[in-house]
Amino acid sequence: MIYLFPILFLGVLILVLLLWLLWRTRGEENDRHVSIEQYSHAQETVNSVITGFCVVRRMFAPEDMEFISRQPARELTSAFLKERKELAISSIRETRQQITLLVNLHFKLASYTYQPSSKFEFTLFANYLWFIVVCHLLVFSIRLRGPFEVGKMLEQTISAAEQFCHAVSDRLEKTNPGRLSPARQNQAA
Amino acid sequence: MALEAIVLLRGVKGRLIRSYPLFYGYIGSVLTIEILRFGCYSFKPGFYANFYWYSEFVVILASYIVILEIYRRSFKNHPGVARLAQSLLLLALIITVTGVAANTWIGGFQSWAIAVGLLDCDLRYVEGGLLAVVLFLLGTYQISPGRNLRGLITGYGFLVGMNVMNLVLLSHPGNEFSLLLRRLLPVTYVITLLIWCVALWSPRPDPSPPAENKIERDYQVLAAKTRAILTRVTTRLVRAIRT
Chain A
0 MIYLFPILFL
10 GVLILVLLLW
20 LLWRTRGEEN
30 DRHVSIEQYS
40 HAQETVNSVI
50 TGFCVVRRMF
60 APEDMEFISR
70 QPARELTSAF
80 LKERKELAIS
90 SIRETRQQIT
100 LLVNLHFKLA
110 SYTYQPSSKF
120 EFTLFANYLW
130 FIVVCHLLVF
140 SIRLRGPFEV
150 GKMLEQTISA
160 AEQFCHAVSD
170 RLEKTNPGRL
180 SPARQNQAA
Chain B
0 MALEAIVLLR
10 GVKGRLIRSY
20 PLFYGYIGSV
30 LTIEILRFGC
40 YSFKPGFYAN
50 FYWYSEFVVI
60 LASYIVILEI
70 YRRSFKNHPG
80 VARLAQSLLL
90 LALIITVTGV
100 AANTWIGGFQ
110 SWAIAVGLLD
120 CDLRYVEGGL
130 LAVVLFLLGT
140 YQISPGRNLR
150 GLITGYGFLV
160 GMNVMNLVLL
170 SHPGNEFSLL
180 LRRLLPVTYV
190 ITLLIWCVAL
200 WSPRPDPSPP
210 AENKIERDYQ
220 VLAAKTRAIL
230 TRVTTRLVRA
240 IRT
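Quick note, the sequences are listed as chains A and B, same order. For what it's worth, numbering that gives the first Met the number 0 labels the leading residue of the first sequence as 0, then goes sequentially. For what it's worth, numbering that gives the first Met the number 0 labels the leading residue of the second sequence as 0, then goes sequentially.
Bear in mind the hints are in silico, worked out from the structure with no lab data behind them. One or more hints might be untrue.
So the derived label-pair ranges between C-beta atoms look like this [unchecked claim]:
#1 A:Lys118 <-> B:Lys43: 54 to 60 Å
#2 B:Phe46 <-> A:Leu128: 53 to 59 Å
#3 B:Ser201 <-> A:Phe124: 35 to 41 Å
#4 A:Lys118 <-> B:Thr97: 49 to 55 Å
#5 B:Arg71 <-> A:Glu93: 23 to 29 Å
Heads up, incomplete: computed chain B residues facing chain A, CB under 7 Å, no partners named [unchecked claim]:
#6 Tyr124
#7 Leu134
#8 Ser201
#9 Pro204
No farther apart than 30 Å at their CA atoms in a straight line, the calculated lysine-lysine pairs in the DSSO-like style are these [as the list claims (entries may be wrong)]:
#10 B:Lys12 <-> B:Lys75
#11 A:Lys107 <-> A:Lys151
#12 B:Lys12 <-> A:Lys118
#13 A:Lys151 <-> A:Lys81
#14 A:Lys107 <-> B:Lys75
#15 A:Lys107 <-> A:Lys118
All values derive from a computational prediction rather than experimental measurement. A virtual CB, placed ideally from N, CA and C, is assigned to each residue, including glycine.
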């Protein structure tokens, strides 16, 4: 009986994929065209995410904590820890949202280029999944141990995000902007 | 048979047959085989069982051209994704055919009728694997099929998905669910034909490919391209600074 499970899984998978496809491609056709505005916005997002890594690293750096802990007031330390924890979590969430937006756009932009190669696409998809997993683990660790005890995991997250941003910027460069929808069309929709 | 004939007639009348020749070829072959089966059952009932399995083999082979049609039409304006799909489909085909061949080799050869019956099942599984790959790519890259193609994919996906599950569960006769599915099997095909009937009743325009350069957008395009190059330079710079 066990050998039948993969085939049963295949049947269920086909039906689930079908529903997913219908859901993903619902609505007007124009909504799925990438406009020049979206394209430019993606470039800005890639830039802001990449340059933002320095800020993220600074946020998790132990120097601030060392400075605060030297102060006599104990409440100050706990208030600082609480504030920094919230800031770190919200920053990670924001980066995750930006990366998710980029991944969606990246896949849409595949229609505008002759470039996608199987290896590149698989690596990118794996990078994205890895990034999401590490992000969740990082948030969990920050909640558990605080923002200054997650150095290694933070480096993993940033490295995954960086790889992803490089791949997206590569796709943006190889996209033919001449085939993008004009900005006005998108505004009208 | 009536629904198949309606789908075929609407295809001819609406000239959809020109856009989807492979799909209508499949419907035509299924209709012809069903007429032949009916004739065989009426005039030579003793030969019907063998004829059924041999003709089912032809039907399943013919159904592969529907995948080809979906692939051809969906990725028409997406050459990059089409190349990716090609290699993925080839990979899925090799994996499933290897699995199926190994299963057949382990199971051993008993008779031609049984072998053809088993091959029919295996071909359905291969078909399911290929369709899953196509659906995954269409969903991931948000490639929008037109209304006609969407209906074709919906009907075909539903039919193949249900068939694969039915084949698994029917191989365990006696349980209640299996008996229920046995009754549901013809209904599945009728539902599929109804979906095709509605979706392919009249021709609808396919989504237009993204427009090529227009002179009035040249500045925007140039600006976007420049920004892309700047983004690339920035990422390389950041990478260089880090290392």
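Evaluation of the provided hints:
Distance hint for lysine 118 (chain A) and lysine 43 (chain B): a CB-CB separation of about 55 Å, consistent with the stated range 54 to 60 Å. For phenylalanine 46 (chain B) paired with leucine 128 (chain A), a C-beta distance near 54 Å keeps the hint of 53 to 59 Å intact. Range check, serine 201 (chain B) to phenylalanine 124 (chain A): about 38 Å between beta-carbon atoms, so the 35 to 41 Å window is met. A hinted range of 49 to 55 Å is violated for the C-beta pair lysine 118 (chain A) and threonine 97 (chain B), which are about 22 Å apart.
A C-beta distance of roughly 42 Å is found between arginine 71 (chain B) and glutamate 93 (chain A), which places it outside the suggested range of 23 to 29 Å. Because the smallest distance between the Cβ of tyrosine 124 (chain B) and any Cβ of chain A comes to about 6 Å, under 7 Å, the interface hint for this residue holds. With a cut of 7 Å, the hint placing leucine 134 (chain B) at the interface with chain A holds, because the nearest CB-to-CB distance is about 4 Å. With its C-beta approaching chain A no nearer than about 18 Å, serine 201 (chain B) sits outside the 7 Å limit, and its interface hint is violated.
Residue-level restraint check for proline 204 (chain B) is violated (minimum Cβ-Cβ distance to chain A is 10 Å; threshold 7 Å). Proximity of lysine 12 (chain B) to lysine 75 (chain B) is assessed by CA-CA distance (about 24 Å); at most 30 Å being required, the pair is judged to hold. The suggested pairing of lysine 107 (chain A) with lysine 151 (chain A) is violated, with an alpha-carbon distance near 33 Å, which exceeds 30 Å. Our distance criterion of 30 Å between C-alpha atoms is broken by lysine 12 (chain B) and lysine 118 (chain A), whose separation comes to about 45 Å.
Distance check on the hinted pair: lysine 151 (chain A) and lysine 81 (chain A) sit about 21 Å apart at the alpha-carbon level, within 30 Å; holds. Simply put, lysine 107 (chain A) and lysine 75 (chain B) have alpha-carbon atoms about 15 Å apart, close enough for the 30 Å limit, and the pair holds. Simply put, lysine 107 (chain A) and lysine 118 (chain A) have alpha-carbon atoms about 18 Å apart, close enough for the 30 Å limit, and the pair holds.
In this structure, the earlier hints numbered 4, 5, 8, 9, 11, 12 are contradicted, and the remaining ones agree with it.
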